[in-house]
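Note that the protein sequences, when read in sequence, are chains A, B and C.
Start counting the first sequence at 0; every next residue gets the next number (numbering that gives the first Met the number 0).
Start counting the second sequence at 0; every next residue gets the next number (numbering that gives the first Met the number 0).
Start counting the third sequence at 0; every next residue gets the next number (numbering that gives the first Met the number 0).
Do not take every clue at face value.
To be verified - Derived DSSO-like pairs (lysine-lysine); straight-line CA-CA distance at most 30 Å:
| id | chain 1 | residue 1 | chain 2 | residue 2 |
| --- | --- | --- | --- | --- |
| 1 | A | 197 | A | 228 |
| 2 | A | 279 | B | 4 |
| 3 | A | 199 | A | 170 |
| 4 | B | 4 | C | 90 |
| 5 | C | 160 | C | 184 |
| 6 | C | 59 | B | 139 |
| 7 | A | 279 | B | 40 |
| 8 | B | 4 | C | 71 |
| 9 | A | 324 | A | 261 |
| 10 | C | 115 | C | 90 |
| 11 | B | 326 | C | 134 |
| 12 | A | 150 | A | 164 |
| 13 | B | 192 | A | 261 |
| 14 | B | 325 | C | 59 |
| 15 | C | 40 | C | 71 |
| 16 | C | 134 | B | 4 |
| 17 | A | 281 | A | 170 |
| 18 | B | 139 | C | 88 |
| 19 | C | 18 | B | 139 |
| 20 | A | 43 | A | 140 |
| 21 | C | 114 | B | 4 |
| 22 | C | 214 | C | 71 |
| 23 | B | 325 | A | 199 |
| 24 | B | 326 | C | 71 |
| 25 | A | 335 | A | 180 |
| 26 | A | 43 | A | 228 |
| 27 | B | 192 | A | 281 |
| 28 | B | 139 | C | 178 |
| 29 | A | 120 | A | 164 |
| 30 | A | 329 | A | 98 |
| 31 | A | 100 | A | 228 |
| 32 | C | 134 | B | 325 |
| 33 | C | 114 | C | 160 |
| 34 | C | 115 | B | 139 |
| 35 | C | 90 | C | 234 |
Bear in mind the hints are in silico, worked out from the structure with no lab data behind them.
Computed from a predicted model, the values in this text were never measured in an experiment.
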Amino acid sequence: MITRKHIYLSIIALATLLCSCVNSSKDKCSGNDCKISVTDFRGKQIGFKEPPQRIVCLIESALSGFYMLHAENKIVGVSSNVYEGNVFSQYAALDERIKNKSLPAPGNWDFISIENLVALKPDLVVMWASQTEAIETIESKDIPVYAVMLKSTADVYKEINDFGKLTATEKRADSLIQYTKAALSEIATANNNISKTKQKVYFMWSQGPLETSGTNSTVNELIEMAGAKNVCTSADEHLVVNLEKVIDWNPDVIVMWYDANKNPDYVLNLSGWGNINAVKNKRVYELPSVFMCDLWTLKFQYAAKLLSSWCYNYENKSVNLENEKAAMLKKLYDSKGESIK
Amino acid sequence: MKNNKIIVIILYSLPLPVLFLSLFIGPSDMASVSSILAFFKHLIFSGNAETFQTVQAILWDVRIPRIILAFLVGGALSISGSSLQAIFRNPLVSPYILGLSSGAAFGAALALAFAFLPVQVSAFLFGLLAVALSYIAAIKHKNLSIVSLILSGVIVTGIFTALLTVVQFLSDPFKLQSIVHWTMGNLHNASWKLLSSSYIPILAGVIILFLMRWRLNVLALGDEEARTSGINPSREKIIVLVAATLASSAAVSVAGIIGLYGLIVPHMVRMMVGPDNRQSTILNFLFGGTFLLIIDDFSRTAAGFEIPIGVITMLIGAPFFLYLMKKTNIGWEN
Amino acid sequence: MGELNTAISIQNLSFSYEKNTVLLNANATIEAEKLTVILGKNGSGKSTLLRIIAGLLPYKQGLIGISGKELKIMSLSERAKTFGFLSQKHKAVFPFTVEQVVLTGRAGYINFVPKKSDVEVAETAMNKVNIMHLKDRIYTELSGGEQQLVMMARVLAQEPKMLLLDEPTTHLDFCNQIKLLTLLKELTMQKLTVIAVLHDPNIAFLYGDDFLFVKNGTLERPAEPIKPWSAEYLKTVYEHELQSVPYAGRALIVPGIIQKKQNDR
Numbered sequence: 000m001i002t003r004k005h006i007y008l009s010i011i012a013l014a015t016l017l018c019s020c021v022n023s024s025k026d027k028c029s030g031n032d033c034k035i036s037v038t039d040f041r042g043k044q045i046g047f048k049e050p051p052q053r054i055v056c057l058i059e060s061a062l063s064g065f066y067m068l069h070a071e072n073k074i075v076g077v078s079s080n081v082y083e084g085n086v087f088s089q090y091a092a093l094d095e096r097i098k099n100k101s102l103p104a105p106g107n108w109d110f111i112s113i114e115n116l117v118a119l120k121p122d123l124v125v126m127w128a129s130q131t132e133a134i135e136t137i138e139s140k141d142i143p144v145y146a147v148m149l150k151s152t153a154d155v156y157k158e159i160n161d162f163g164k165l166t167a168t169e170k171r172a173d174s175l176i177q178y179t180k181a182a183l184s185e186i187a188t189a190n191n192n193i194s195k196t197k198q199k200v201y202f203m204w205s206q207g208p209l210e211t212s213g214t215n216s217t218v219n220e221l222i223e224m225a226g227a228k229n230v231c232t233s234a235d236e237h238l239v240v241n242l243e244k245v246i247d248w249n250p251d252v253i254v255m256w257y258d259a260n261k262n263p264d265y266v267l268n269l270s271g272w273g274n275i276n277a278v279k280n281k282r283v284y285e286l287p288s289v290f291m292c293d294l295w296t297l298k299f300q301y302a303a304k305l306l307s308s309w310c311y312n313y314e315n316k317s318v319n320l321e322n323e324k325a326a327m328l329k330k331l332y333d334s335k336g337e338s339i340k
Numbered sequence: 000m001k002n003n004k005i006i007v008i009i010l011y012s013l014p015l016p017v018l019f020l021s022l023f024i025g026p027s028d029m030a031s032v033s034s035i036l037a038f039f040k041h042l043i044f045s046g047n048a049e050t051f052q053t054v055q056a057i058l059w060d061v062r063i064p065r066i067i068l069a070f071l072v073g074g075a076l077s078i079s080g081s082s083l084q085a086i087f088r089n090p091l092v093s094p095y096i097l098g099l100s101s102g103a104a105f106g107a108a109l110a111l112a113f114a115f116l117p118v119q120v121s122a123f124l125f126g127l128l129a130v131a132l133s134y135i136a137a138i139k140h141k142n143l144s145i146v147s148l149i150l151s152g153v154i155v156t157g158i159f160t161a162l163l164t165v166v167q168f169l170s171d172p173f174k175l176q177s178i179v180h181w182t183m184g185n186l187h188n189a190s191w192k193l194l195s196s197s198y199i200p201i202l203a204g205v206i207i208l209f210l211m212r213w214r215l216n217v218l219a220l221g222d223e224e225a226r227t228s229g230i231n232p233s234r235e236k237i238i239v240l241v242a243a244t245l246a247s248s249a250a251v252s253v254a255g256i257i258g259l260y261g262l263i264v265p266h267m268v269r270m271m272v273g274p275d276n277r278q279s280t281i282l283n284f285l286f287g288g289t290f291l292l293i294i295d296d297f298s299r300t301a302a303g304f305e306i307p308i309g310v311i312t313m314l315i316g317a318p319f320f321l322y323l324m325k326k327t328n329i330g331w332e333n
Numbered sequence: 000m001g002e003l004n005t006a007i008s009i010q011n012l013s014f015s016y017e018k019n020t021v022l023l024n025a026n027a028t029i030e031a032e033k034l035t036v037i038l039g040k041n042g043s044g045k046s047t048l049l050r051i052i053a054g055l056l057p058y059k060q061g062l063i064g065i066s067g068k069e070l071k072i073m074s075l076s077e078r079a080k081t082f083g084f085l086s087q088k089h090k091a092v093f094p095f096t097v098e099q100v101v102l103t104g105r106a107g108y109i110n111f112v113p114k115k116s117d118v119e120v121a122e123t124a125m126n127k128v129n130i131m132h133l134k135d136r137i138y139t140e141l142s143g144g145e146q147q148l149v150m151m152a153r154v155l156a157q158e159p160k161m162l163l164l165d166e167p168t169t170h171l172d173f174c175n176q177i178k179l180l181t182l183l184k185e186l187t188m189q190k191l192t193v194i195a196v197l198h199d200p201n202i203a204f205l206y207g208d209d210f211l212f213v214k215n216g217t218l219e220r221p222a223e224p225i226k227p228w229s230a231e232y233l234k235t236v237y238e239h240e241l242q243s244v245p246y247a248g249r250a251l252i253v254p255g256i257i258q259k260k261q262n263d264r
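Turn these sequences into a full structure, and let the hints steer you where they fit.
See below:
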């Protein structure tokens, strides 16, 4: 007869079996064993004997890097944000599995289903360093975590470099970085030749017209790459400012982060903004897409080019950055880049 | 009694100087006190103020609408709170008790996430919907029991809070951040447009409550007393409820959730001038408006960024209230 | 007694709370400008009757005529100008002053805020009850007896034709009971009809003009020659051994058992 005790015992046995399956990651190593070793953004070292073959990437921008490195075949799980309107069509063009919605998404920047994640048997999870509780839980199951925190373009380079090491595509990573750096210095040289006074830019996040970024942010770097000046000189990464301040600053250009529900007309019609130069002269621009302009990927060069042309080449209506965009996508994603719209 | 009269005179005369002085307070370096004074001088003596375009823009486009909005929002929340406390005969009641805040927050979040309606409109409608639901749930045999009303308010609040969580859960980080900012209360988006969309319901509610000010005394005595002295308590309560909901949901829709405000100010006013609603109703509007304006003056100048006003009302208002509670008689002895 | 002097006529009145029948086919007339006392055991329906007349409990069966007009069709303010109702216990929450509380009695006359004339009526009412000295005191800080007098003044400020008082002496000390009953007598002189529920038959018989007994869901007035204060009759009302002691043309009532025991000695 099967007793309750038997049932408990079998459950425990089953659980142990499951755990051992998950834990039997043979690629893990310690000390000098490690062929591959990277230090993530927490300063934690993670090492592997062999490149991890089952990667779950819970950061949408980081996932982009894996596609640039042609390492997408190692991706077994993605962020659920990939399936959202803003970026879905581009990822669908890059990956049949996403197009068919067959690539599992066990979580995102906010919430993670540990059960679904563990079921994917990953040997590496890429996620935000801010998700400390989830990281602790995942690491306690002996799954290594590469935690990401991006504050500057240098961080973006480090991220792609580390992904290169982890997926044995270091050369590719290096060439992508070199390509991006070259593109940026091209913008810088072009701007030097213009030698106008620096244009003042106000950056507007999609949360609201008064939400902007200060000097300690990727936005600030982007504006400087474009040869312009961020009007907000506060050190904060993200802050809400007073409209009085914006009127004081009187920016020449307003750049809006992409928002499906807004366009520059929204800013031009904002009550109380009429006296600001950028509004008066209708120099309000919106970054065209999250995927194309993601400041947390190597694609930020495109945003920098856009910004630069909005600041210094706005009178020339014939400027067309579509070719430049296509060239960048070709470079970053190779042949697949052509199919991204 | 004499002491009381002095306080009343101070409360009546406080708003004007505070409204005026607030014109001079703000983070702008261009619109400094001296340049504003120079601008006024020009305006009065030469009638030509073109050289002061920036000052004029900051005063006219930013400060004045914000000052008026802060005053109206503070006044609306306080007068609604005091009226509801009177008809509910309960000191724990605030305009949010019937689910208004959670309904409005859900409405705002829904609009922020899916953009099917302007945020203010959606917040206003869902605020009203939440109150209506609590009210309908509480009514039994055409009778309105206060206990069931508070209870259904708590339940409806729970439901809308859960729905809000669902929306937050489905939102991306940008939208989530806007939702969180909205629920913290904010006046930094104040503009003439926002003001024009909210002043009618706010003033309509305030005027109705002002007219009802003495009747609140009758209602505060209890249903039987009101009924036998010729007032239909259910009907009058509904009038007060509708007016208070109208004013406070319009306030919430433009300023987000300003926590505890509608609860604290009525107590403060009662501590200062006593419970007679004939006097305290209008003083709640005046003092509520003035006090929120002072808090907002602080919130827009204290730091380089905007401090959400709901946070300040909690952090300044609540300890100040506790201090008053310790020092004076709260006035709810039974 | 002529039709003209009838203030309230009750015909076939029935009332029940859920399944608990309180009044069944009750009939009675109440005379105008008299102090009518309603007596009966606890839970017999005295207060219920008063509340029905005050319009606080809706009745479905029976008729109640107020000076010839059916109670049901009277508006709230018409009722307020006719009846002043004083409940057993009032629970105040706000620390209003006495004057503010008394003033609320004028609600049926006031559209938005009280006028000067309303304040004067309130002051007259306070004078009648002799509480003018309490005018600016805080109602919630008064003693139970004082609060009862304030509520009495509030009801008088209503300027009703009839007073409905539900056990008005409950919270009063002996001295204040006498004062209140004397006041009620005076008010009947001023052409007010006073109907009071009392649980002390002695106070009732000392001051009352007319007596109505609630008994098994009906209203009863003992027919001549039976006197209301006769021990035999009261035994049927209170279902208890009673003894009446003749006093001032009427009688005082004492429990019968004590009398017997004393006689045994």
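Check the structure against each numbered hint from earlier and tell me which ones fail, lowest number first. 2, 3, 8, 14, 17, 23, 24, 26, 28, 31, 34 and 35
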